[in-house]
Amino acid sequence: MNEFHKYNDEKLLEHLKDGTPSRDLAFDVLFCRYSARLNAYCIFKSDNPLDAEEIFEDTWLKFLDRVQNGKIVTNILPYLYTIARTLIIDKYRKEKSGKTIGIDYKDFNELDALVNPFDFNLKSDNEELLTLVKFAVNNLDDIYRETFVLQWFGGLSQKEIAIITDTSIASVKMRSHRAMNEIIKILRPHLAETTK
Amino acid sequence: MENSEIFIDLISGNLDDDAERQLFSELSMNDDLRADYKCFTSVTDTINRHIDSFAPTSALKSRVYAKAGIALPSDFPPPAAVTAPKTAFLSSGLFKSIFTGAATLSATIIIMLLFFQPKNHITELANNSGITPNQSNGQYPMTNSFESNNGIAKPEVKEVIKYIYLKSKNEAKSSENKENNSEPVTFEANRYLSAETQLLSENNVIANNNLNHKELHYNIPSGNFPDFLTGLAASHLFDLELFSSASWNIPKDKINPLSFSKLNNMGFNILYGVSDDFRLGAELKQETFYTEYTGTEGNKTYQYFQQPNLTTISLVAKYYPYNISFLRTFARLGLGFNTAGFVIRPSLGLEYFANYNISMQLGIDYGYFNFMHQNQRFGTGKAGFLYGVSYHL
Chain P
149 MNEFHKYNDE
159 KLLEHLKDGT
169 PSRDLAFDVL
179 FCRYSARLNA
189 YCIFKSDNPL
199 DAEEIFEDTW
209 LKFLDRVQNG
219 KIVTNILPYL
229 YTIARTLIID
239 KYRKEKSGKT
249 IGIDYKDFNE
259 LDALVNPFDF
269 NLKSDNEELL
279 TLVKFAVNNL
289 DDIYRETFVL
299 QWFGGLSQKE
309 IAIITDTSIA
319 SVKMRSHRAM
329 NEIIKILRPH
339 LAETTK
Chain V
5 MENSEIFIDL
15 ISGNLDDDAE
25 RQLFSELSMN
35 DDLRADYKCF
45 TSVTDTINRH
55 IDSFAPTSAL
65 KSRVYAKAGI
75 ALPSDFPPPA
85 AVTAPKTAFL
95 SSGLFKSIFT
105 GAATLSATII
115 IMLLFFQPKN
125 HITELANNSG
135 ITPNQSNGQY
145 PMTNSFESNN
155 GIAKPEVKEV
165 IKYIYLKSKN
175 EAKSSENKEN
185 NSEPVTFEAN
195 RYLSAETQLL
205 SENNVIANNN
215 LNHKELHYNI
225 PSGNFPDFLT
235 GLAASHLFDL
245 ELFSSASWNI
255 PKDKINPLSF
265 SKLNNMGFNI
275 LYGVSDDFRL
285 GAELKQETFY
295 TEYTGTEGNK
305 TYQYFQQPNL
315 TTISLVAKYY
325 PYNISFLRTF
335 ARLGLGFNTA
345 GFVIRPSLGL
355 EYFANYNISM
365 QLGIDYGYFN
375 FMHQNQRFGT
385 GKAGFLYGVS
395 YHL
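Chains as they are written, first to last, in this note's numbering: chain P, 149 to 344; chain V, 5 to 397.
Chain V extracted, bound-state conformation:
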């Protein structure tokens, strides 16, 4: 008699006294049997404890009642609430996007309130130096549901929802090596600062030794110096960025994951300042991509719909083409990979330097996700807004 059989008999009350005594005696001596027993009780306990988690949804319940001609109990939520119960919004992707965005913005505001007083900061700089306070004027491959090679016929009437964990560790390769061999970005002299100011910024004198500013005098062309903060920021060696995004899947999603990660759409970058206007670094982002693709199993052709949670690691290049007062425009390109495939993520946006160390960014981005299934490549995308906060070291 196998272990599980004995356990089941014990629980069902079918084990006679002698066998029961023998079992408990064995349990005290046999580690393996004890481990099996623990596992068995864990399974049965877990099922019993969580059986209510299988209760039908309110929508399903109301459908049954409606079809059966049964009046819903008075304490049952009204139809509107049935389709959108309070918790539905809380667990929705939209709420999580809003929540992560709000969290990021809140963090930014707190950091600003704690460490940054814009007016004082500028005045202090002005008092300690000859600088006049700044009064700034201051075709990607669209996923086709029935995308297939010529050799594979289009599915006929086949409506299948198949949840499958995307294979691909070995099938989809990272695109890290696809980084183009662009010319090294040459350092471009700050267009707005005089030679002395540039030297000052490069050496971080203002940051590290404010007391010396009184002794410094600059020839500042009038109307041509609104960007000293930007210039200073450019001299930082590392940028740490925390960002989030609100994205829309292309094509529109038909299913959601069983659960979204709480950090869905959030990411973290660490960038190294190769030059004033060029950064290179790494990104870690938690996200989902909605995918539609086809595959065959046996003689059958399936259409798959999925929206897996993915953690993408990317190589990121960020270029600042224009500086406008406290604002810098940026173009960013991320080339990354996750367990299912590779991701190309271009984005454009504005970065606002709140002070020497902190900046906030807002932009638009597009994520293209390419993966392989049964030796066929499929792609999908999403577009959205990007927002975040950067700390410059």
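So that you can see chain P by itself, here it is in the shape it has in the complex:
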């Protein structure tokens, strides 16, 4: 682990504008710090894994490009989400106007694994619960899913979510609790079963 891991985001952003190798080290630390949360957003927001990877890649490239071109970023994760969100909207808007078919993606393989009596991959209740959570999140309507993912996977405040999604805090609040209600509705029977 390099020295840069001790730096805060602000300092890392400064190094990102430098030449290599400090730029490389700074980028690596930021990548380690935020890639999982960004990737979660890309996965849930995209219609398929390939799109998610593409959005994830392009988000980091745009982020680096903008920072190196003097963009002042105060809060990195919300900024990454904003870039990713814009890329996703652009991508699917282009596909729509290009009359290519829509793509739908629900990871039912995970449900398959759950209901498969011979699958011992789900070793713990926790992993099983995570699979259920993913499944439940995937089944939320897009606006609720986005709010839920940004809040719980991204760790953003409702205010930050409101800025990213360009909505009011009240709307975010409403979406947030509706999403959670749905998730609870789906998971409660399972949890009741496991706690018996």
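Everything labelled a hint here was simulated from the structure, so no lab data went into it.
All the given hints hold, so there is nothing to weed out.
Not the full set, but computed from the structure, chain V residues with beta-carbon under 7 Å of chain P:
no., residue
1, Asp40
2, Val47
3, Ile55
4, Leu64
5, Ile74
6, Ala75
Derived pair list, reagent style EDC-like, types lysine to aspartate or glutamate, alpha-carbon separation capped at 16 Å:
no., chain 1, residue 1, chain 2, residue 2
7, P, Lys333, P, Asp289
8, V, Lys71, P, Asp206
9, V, Lys71, P, Glu205
Ideal Cβ positions, reconstructed from N, Cα and C, are used throughout, including at glycine.
Mind docking chain V on chain P? Use the hints.
Showing chain V alone in chain P's frame:
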């Protein structure tokens, strides 16, 4: 205010003191609210605990770094390892096939070492009877990615990967009733044993009462008695078989399941000996089938790629046409069903009788899987090697 709203406010620190006190008071009395709260905390805890599971793959990370012109850190695995990290092989289907095969073979060897000493066994039989120790010489429907009825146009430029759990409990019916009405297999006298020996084997005298063998004398045509073990095995009433297979999908798979079952490609049979050379029974097998099929939703035509984990239950018929010393050739046909469709599985192979109760088998098999999607039938297949061990009761 709904429960989840209160919980979210509590976690966000937006709940005032009075509301917080009221919430905790309610929690102590209201079971329903408590259940919701537990569920809420479980969800948030689970997400927090497993957020790292969303970290990008090494390959994706290296791609980002390469495109950004960023040097990968020195402790990052080299490119070769990036594409094939150590754990990738462990989690691959190939490893699991090899592993299950190795496990089956190991079990066979252990059983053989524990219970079977071939030389001693034969000598003992020879000493206890008049038997000279044996010195044996001893067009299926190929899946078309764009298979469709005439009424459905071929997709244009449509590259879609859509993971969908195959419907079909009600759409795809089991083919159990397709078992043909073949003539009952008639018992065929053992071609190699004299009448006395056959009687002996049928009554399991050797198995149950070795001491009496000394008193038995047989007219054994020279060079015509290498198959007493096979003959004995044929007299068993039940066979228990544990087997595995290494298969290749036809067409070649483009995606893998999210995870393979640890028992993938393994199966278990229980067979009843209808006659010396014919067995009938049931099979339970865990497997995947790679499927490509098309369907429409709204005005759009989709092409689906899937490889679901399936547990197939089959009716199995096994026929032994030839016996060659300790080897028996077998032809097997399985007709089965799973949650997605039906499966026809013919196979051919050799079975080696290690001793009276244990045999090992090696063969080739083909599995044809047929399923229905939107009132259209689709089929896919896989071919491979079959290997396993049988215990004869």
